[in-house]
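Engineer: If you want the building blocks of each chain, they are given just below.
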Amino acid sequence: MRRFTWFNATSLTLGFAFLYIPMLIVIIYSFNESKLVTVWGGFSTKWYGELVQNEAFLDAALVTFKVGLVSSVIATILGTMAAYVLVRGGRFYGRTLFSGMIYAPLVMPEVITGLSLLLLFISIGLDRGIVTIILAHTTFSMCYVSVVVSSRLVSFDRSVEEAALDLGCTPFDAFRSVTLPIIAPAVISGWLLALTLSLDDLVIASFVAGPSATTLPIKVFSSVRLGVSPEINALSTILIGIVALGTVTASITTKRAVVRRRHEQQMAVQAG
Amino acid sequence: MPETTPNPWNDPTAKPLIQFKNVTKRFGNFTAIEDLNIDIYEKEFFALLGPSGCGKTTMMRMLAGFETPTSGTILLDGQDISPIPPNKRSVNMMFQSYALFPHLTVFDNIAFGLKRSNMPKGQIADRVQEMLRLVQIEKFANRKPEQISGGQRQRVALARALAKAPKLLLLDEPLSALDKKLRQETQFELMDIQEKTGTTFVIVTHDQEEAMTVASRVAVMDHGKLKQVDTPDRIYEAPNSAYVADFIGEVNIIEGHSTTQRDTVSIAWAKGQPEIIGTLSKPGMDGNVTFLIRPEKIVISAEKPTDRRNTFQGKVVDIAYLGNLSTYYVQMPNGQMIKAQAANSRRRSSRPFTWEDTVWLSWTDTAGIILDR
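These protein sequence lines map, in sequence, to chains A and B.
Read left to right, the first sequence gives residues 18 to 289 (the working numbering).
Read left to right, the second sequence gives residues -19 to 353 (the working numbering).
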């Protein structure tokens, strides 16, 4: 164990303060009685009550979750397919071009992606709404999925797939019963990444969203321009809570898996 | 030597299980297999032996269906298998990395191929149990591959490949990941299993001892070509080239010029040295020849032996003590180095010879092999 030193304590305190004081202020003021954001008027949960009554926010939240779920699922399917072809397809005509193009959205400024999608939707006459947001989010999150999945595919022993073929699988059956279960963790983390990206995207969504559908980030951003309301603080606190819960659950699950695996390996050593 | 079992490769009427006919395989500009012809018979334990990059793995992958020949045909039971995909061939493979499915238990790994055949559900469990018994891993049926040791994984891989009772089992360096003791035990088990199941085995290996131990016939390969296909003892005692002799075991290679009188050959190999006397293996051996002799066929002694014609004097330069035997590196007056091996049959005797000793090397007329050069 490292010893306690004043230097460590100070840097740790400063680091945490820098990261978490802004969030702490939001959480504290969400319980503020006063309508004025910066004046403390006593403890109250009334803004949470008002938030639940606010239909515009609830609609925006619903749209955000619908878009997130649908676009992340489509992006996961397409991104996994692209990764499989790039890693396993061997050398086919246009491979270099394809692999360059699939990663382009990673480095492309979001403003340009948003603008070009907007122009595309206008020129093909697609009305802006939930469909266009789903399409746009699928487009940019698919490449993240394919990066995550292809890194898993590269590191996995090809002969496992060959063994499946050798034992009577058709290529599709081999993918379904062997490859997919093995790369499943990467596919799931790619899907979570796509979901997160979709949930917190503001720039692209604001280009392609229409009056019929607004996502939560757009709603929050536009209402903050008219002044920070305590309702926004309440909403932010709820979101911080959800994210914190997710992170803690994920890290506990991972830790447990590591401990279990170590235990199993010890059993194997003893048995061997 | 009387033959106890008939060998199909000596029987012209026997029908081979596998036939390679003028098979060539190229990868771009690289020729992995060049115009290869070979017959492999049913119930054989056939070893493909060669250094890495000699084409042995490519041959095996063509049999499994993962590669197709650039030209030529491969027949299995008289049928051309080139257009048949791997999942439709009655050929199974045991992979070098074992390639076990990490997400399935040992039982499900072995049942994997059976579930994809038309075997009724009830029989699958029985067949898996039979396989588990065959390779002695019944205890581990419900473990995942990462929960068992390397030796046990090797058994699972073998059981999985044998479960569908293929006509032909391919083994790609099956024992290379095991330590030496376990490898030797497993070699005998492999032979036992091959005999019990009556399956034709083709094994790829770069380990010559392994090939010699397990195989009924060994094919020595180099640069995509077959150098020699024969039984292990013929490969060792009657190699057809210096390459084969040098690849399998140790050998002294002496170059010289021969003259034949009736059935004896005299080889002049160094000025001022007596000629090497050998027996003629085929007529017309006058001219430049290579004389090959294994170190264990050479006797090393302090006095000049009188019972044999090939006797040469030299000086001990190096001694390699290997425990069971010692190899003496003896330099002839012309600079030629000759290795001679002597078994260390006594435990407590001081070494008979030491560095710089002058010794006599001798061998009988039939000890060496004479090849045209």
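Honestly, I wouldn't trust all of these hints.
[Claimed, not checked] Residues from chain A shown here face chain B by an in silico Cβ test under 10 Å; the list is partial:
1. E72
2. K83
3. D174
4. D190
5. P198
6. I199
Worth flagging that the hints you see were computed from the coordinates, not collected in a lab.
Ideal Cβ placement from N, Cα and C applies to all residues, glycine included.
Engineer: Hints first: check each against the structure and report whether it holds.
Structural biologist: Against the structure, the hints:
1. This hint is violated: A:E72 has a C-beta 46 Å from the nearest C-beta of chain B, more than the 10 Å allowed.
2. Look at A:K83: its Cβ only gets to about 32 Å from chain B, farther than 10 Å, so that hint breaks.
3. Taking 10 Å as the C-beta cut-off, the interface hint given for A:D174 holds, the closest approach to chain B being about 6 Å.
4. Because the beta carbon of A:D190 sits about 7 Å from the nearest beta carbon in chain B, less than 10 Å, this interface hint is met.
5. At about 4 Å, the closest approach between the beta carbon of A:P198 and any beta carbon in chain B falls short of 10 Å, and the interface hint on this residue holds.
6. About 6 Å separates the beta-carbon of A:I199 from the nearest beta-carbon of chain B, less than 10 Å, and the hint is met.
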